Amino acid sequence: MLSRIAENLYWMGRYIERAENTSRILDVNYLSILEAPQVLGAKGIVTEKWAPLLDIMESKEAFKEHYKRADGVNVPYWLALHPENVASIRSSLRFARENARALRDRISTEMWEAINRSYLKLCVSAPEKIEEDVLHDYCVSAREASHLFFGIAHATLPHDLGWYFMRAGQFLERADNTLRTLQVNIQQSGIRGPVEAGVEIHRDIALLKSVSAYEAYRKYYDTGLNSKLIYEFLLLNESFPRSVRYCLELLSETIGKIQLENLDASSKALEEANALTSVICAIQDEAQITVQAKPSMQDLINQIAALTMTLSSVYFTLQPVKISQTQSQSQA
Amino acid sequence: MSFAEAMFKYDLGSFFDEAFERSQAPRDHYRSVIEGFIAYGESEFQRRRALIELVFRNQGITFTVYGDEKGTERTFPFDPFPRIITATEWAHLEKGLRQRVKAINMFLRDIYHEQEILKDQIIPKDLVLNNPSFRKQVKGIKLPHDIYTHVIGCDLIRDANGVYRVLEDNLRSPSGVSYMLGNRSVMARSFPKLLEGLHVRPIGHYPLELLKTLRSLSDKSRPTIVVLTPGQYNSAYFEHSYLAQQMGVQLVEGRDLFVEDGYVWMRTTNGREKVDVIYRRIDDNFLDPEAFNKESMLGVAGILEVYKKGRVALANAIGTGVADDKATYAYIPRIIKYYLNEEPIIPNVETFLGAEPEGLAYMLENAEKLVIKEVGGAGGYGMLVGSESDEKQRKTFLEAVKADPDNYIAQPIIQLSRHPTYYPDSKHFEPCHIDLRPYILMGEEITIVPGGLTRVALKRGSLVVNSSQGGGSKDTWVLAEDNHA
Numbered sequence: 360m361l362s363r364i365a366e367n368l369y370w371m372g373r374y375i376e377r378a379e380n381t382s383r384i385l386d387v388n389y390l391s392i393l394e395a396p397q398v399l400g401a402k403g404i405v406t407e408k409w410a411p412l413l414d415i416m417e418s419k420e421a422f423k424e425h426y427k428r429a430d431g432v433n434v435p436y437w438l439a440l441h442p443e444n445v446a447s448i449r450s451s452l453r454f455a456r457e458n459a460r461a462l463r464d465r466i467s468t469e470m471w472e473a474i475n476r477s478y479l480k481l482c483v484s485a486p487e488k489i490e491e492d493v494l495h496d497y498c499v500s501a502r503e504a505s506h507l508f509f510g511i512a513h514a515t516l517p518h519d520l521g522w523y524f525m526r527a528g529q530f531l532e533r534a535d536n537t538l539r540t541l542q543v544n545i546q547q548s549g550i551r552g553p554v555e556a557g558v559e560i561h562r563d564i565a566l567l568k569s570v571s572a573y574e575a576y577r578k579y580y581d582t583g584l585n586s587k588l589i590y591e592f593l594l595l596n597e598s599f600p601r602s603v604r605y606c607l608e609l610l611s612e613t614i615g616k617i618q619l620e621n622l623d624a625s626s627k628a629l630e631e632a633n634a635l636t637s638v639i640c641a642i643q644d645e646a647q648i649t650v651q652a653k654p655s656m657q658d659l660i661n662q663i664a665a666l667t668m669t670l671s672s673v674y675f676t677l678q679p680v681k682i683s684q685t686q687s688q689s690q691a
Numbered sequence: 052m053s054f055a056e057a058m059f060k061y062d063l064g065s066f067f068d069e070a071f072e073r074s075q076a077p078r079d080h081y082r083s084v085i086e087g088f089i090a091y092g093e094s095e096f097q098r099r100r101a102l103i104e105l106v107f108r109n110q111g112i113t114f115t116v117y118g119d120e121k122g123t124e125r126t127f128p129f130d131p132f133p134r135i136i137t138a139t140e141w142a143h144l145e146k147g148l149r150q151r152v153k154a155i156n157m158f159l160r161d162i163y164h165e166q167e168i169l170k171d172q173i174i175p176k177d178l179v180l181n182n183p184s185f186r187k188q189v190k191g192i193k194l195p196h197d198i199y200t201h202v203i204g205c206d207l208i209r210d211a212n213g214v215y216r217v218l219e220d221n222l223r224s225p226s227g228v229s230y231m232l233g234n235r236s237v238m239a240r241s242f243p244k245l246l247e248g249l250h251v252r253p254i255g256h257y258p259l260e261l262l263k264t265l266r267s268l269s270d271k272s273r274p275t276i277v278v279l280t281p282g283q284y285n286s287a288y289f290e291h292s293y294l295a296q297q298m299g300v301q302l303v304e305g306r307d308l309f310v311e312d313g314y315v316w317m318r319t320t321n322g323r324e325k326v327d328v329i330y331r332r333i334d335d336n337f338l339d340p341e342a343f344n345k346e347s348m349l350g351v352a353g354i355l356e357v358y359k360k361g362r363v364a365l366a367n368a369i370g371t372g373v374a375d376d377k378a379t380y381a382y383i384p385r386i387i388k389y390y391l392n393e394e395p396i397i398p399n400v401e402t403f404l405g406a407e408p409e410g411l412a413y414m415l416e417n418a419e420k421l422v423i424k425e426v427g428g429a430g431g432y433g434m435l436v437g438s439e440s441d442e443k444q445r446k447t448f449l450e451a452v453k454a455d456p457d458n459y460i461a462q463p464i465i466q467l468s469r470h471p472t473y474y475p476d477s478k479h480f481e482p483c484h485i486d487l488r489p490y491i492l493m494g495e496e497i498t499i500v501p502g503g504l505t506r507v508a509l510k511r512g513s514l515v516v517n518s519s520q521g522g523g524s525k526d527t528w529v530l531a532e533d534n535h536a
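Taken in sequence, the protein lines are chains A and B.
For the first sequence, this note's numbering assigns the number 360 to the initial residue and increments by one for each residue that follows.
For the second sequence, this note's numbering assigns the number 52 to the initial residue and increments by one for each residue that follows.
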């Protein structure tokens, strides 16, 4: 497979997954804030609720260049729609579609038409501002666009090398997202003082929902909500498709398939993925990560970032060349 | 006014009309389609027409407009009233096109080898050897089957008397064939009854014929063939990816290819893979930064040397542009005569050369009656349509002509034939000027898929059909036999 094509497939998977993750987090946050209890003495529910989202998305610096206050209008707009935010849902879908466009001869026509329709609806005709139902509707549409796309891909794209590169991108992005969401939540609960139980539960529900884990968690544990069990579920569960362990195991398997078809390429990426997966599979108690920090959340995030670099150097050896419009000469 | 009246209320003017012989009198071969539209009725016609736009947009069958800040992709406007060509007309066109492309290839072979035509002074030496598109780097190279132009798009027009003429030969990398194919499939889907029983000749096998042509350029039994595109920001990117997909070959960019050990290779996730035939949609200038434009990031460094050794085939060959330049065009009838000893079956449009003193004088005195074109211009740019310009515009343009007369040619303003075309704003069928670009494939043999791309000048009264200047297109139907009405 052409290196450039493999890279396009990988990024297409990542960007669509990113659009879905961002839309989930935003939507949950928006709905949970509507009925959030007031906390006396807190520095303001609005800032407390919206600012952490910028940390999850690693978007704080860029946000500050455009806005003064992280409030319920600016943050959702920035994360959902702002054209200058490269991580906004809108930008993610636009990038996904750019990659798909470069793959038009490679992916199925149905996949292309699905992403192109979503692009026309959510990027070209995106809402101008966030009003009452707009954010929720937009987030639901973005999530459904992702489901539709990956569903069509599952049913129409041959499950060969190309599929595996797309899946590698998708699950790397997902593992990274679950880790970051959890990391920011743990930091938040650390800096907060003791609050009424109702508030804590409210936050726990929101955390689970933001990675679509609420119902699965309830079915898995027959006890109530409990931070320790939530961390365990999101980090170590073997079968929940958004847990860090599940994503990493699937990633190892995927990179294994890739390597099988590219026996002349270096096996470094597979080795790194396997090492990371065996670390997380060996952990019995989530406290080893959240309390003892062996490894810490940040270590895991860093190792995923390192794996991304290795994947790129092993399989996508090309440095992307930026083609300017003038170089793109016209034809008769 | 009824829908039927709207179809017929139609001012023919002094032009040749493809569909109507006289006012209210359709030509025989158009009768069934006109009756078909009337049978659909207005609201059903409207509904089906609206669906077409949606299909094109959702499929992303778009082109990029240069100089548009937003980098907008637009759909190519499509008119549902098909252009119909009789079997007799097509037989004549096919014969004429075969004659023309055969002579053009003999000319190209000659000027890159013995140059007999220059020694016999049929065409000025300067015009060929000092032409910026003449590539001295490929002199003396032996090509498979002695063919240079594997894919040709020949622009044909019809004058006021209904005579088909060649307006331009596109011998480098003509585009538009994907619209020809897309137009047919959208017509078949949205107005199936019109096609039914009419015996329109199919065109869907074009990608297979193209693949066969490209295969014939290698002596391997299973050569590795690729389509080379400048990338997804090129205006014809959709077409590049479409053709690669339909042929089942890899679509590559310059950065996917490299030269090593005397061959061209693709970069893959598993190392390098050899490439035998390249259908390139990149101009000569951008093809090899070592040999041509040093700034090019679109091409493959060192590919010229591999090509010269016959270890990779390029379609089209390097250096074909010298034969489709607007000045060389004027000599094509003489070229046909010289190599084939035949009269051209499809005539040229009368052409005055700025390089010849009498031509220049005529140009300067009769500008309002002429179309004056820059020799190297394309896409409807760098030209003056005398009748559509004012005194001041003509004066400015003629100053440029006087400063560099060799760079201009002129042709009488040909009143291109007209064709009924639907206008959503007036809800009428109005006459528009059209042309026709058939595609000719040359490998071991010559193949012409019946039909071509019919382009329409949608701006009312305009003679410019180019998509970059408000042109649209129609499906083109070549009838298998003429004996039905």
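Since the hints were derived computationally from the structure, they do not count as laboratory data.
Be a bit skeptical, because a hint or two may be false.
As the list claims (entries may be wrong) - One-sided excerpt, in silico: chain A residues whose CB lies under 7 Å from chain B:
| # | residue |
| --- | --- |
| 1 | Leu361 |
| 2 | Ser362 |
| 3 | Ala365 |
| 4 | Ala461 |
| 5 | Arg463 |
| 6 | Asp464 |
| 7 | Arg476 |
| 8 | Lys480 |
| 9 | Cys482 |
| 10 | Ala624 |
| 11 | Lys627 |
| 12 | Glu631 |
Claimed, not checked - Across the chosen pairs, the derived CB separations fall in these ranges:
| # | chain 1 | residue 1 | chain 2 | residue 2 | range |
| --- | --- | --- | --- | --- | --- |
| 13 | B | Pro475 | A | Ser484 | 19 to 25 Å |
| 14 | B | Ser477 | A | Val432 | 44 to 50 Å |
| 15 | A | His495 | B | Arg98 | 30 to 36 Å |
| 16 | B | Asp476 | A | Leu479 | 19 to 25 Å |
| 17 | A | Ser484 | B | Ser477 | 25 to 31 Å |
Please read all numbers here as calculations on a predicted model, not as lab measurements.
Here a beta-carbon is modelled for each residue, glycine too, at the ideal position from N, C-alpha and C.
Tested hints:
no.: 1; hint: Leu361; result: holds, 5 Å
no.: 2; hint: Ser362; result: holds, 5 Å
no.: 3; hint: Ala365; result: holds, 5 Å
no.: 4; hint: Ala461; result: holds, 5 Å
no.: 5; hint: Arg463; result: holds, 4 Å
no.: 6; hint: Asp464; result: holds, 4 Å
no.: 7; hint: Arg476; result: holds, 6 Å
no.: 8; hint: Lys480; result: violated, 11 Å
no.: 9; hint: Cys482; result: violated, 12 Å
no.: 10; hint: Ala624; result: holds, 6 Å
no.: 11; hint: Lys627; result: violated, 14 Å
no.: 12; hint: Glu631; result: violated, 17 Å
no.: 13; hint: B:Pro475 x A:Ser484: 19 to 25 Å; result: holds, 21 Å
no.: 14; hint: B:Ser477 x A:Val432: 44 to 50 Å; result: holds, 46 Å
no.: 15; hint: A:His495 x B:Arg98: 30 to 36 Å; result: holds, 34 Å
no.: 16; hint: B:Asp476 x A:Leu479: 19 to 25 Å; result: holds, 24 Å
no.: 17; hint: A:Ser484 x B:Ser477: 25 to 31 Å; result: holds, 28 Å
In terms of the numbered hints stated before, the structure departs from hints 8, 9, 11, 12, listed from lowest to highest.
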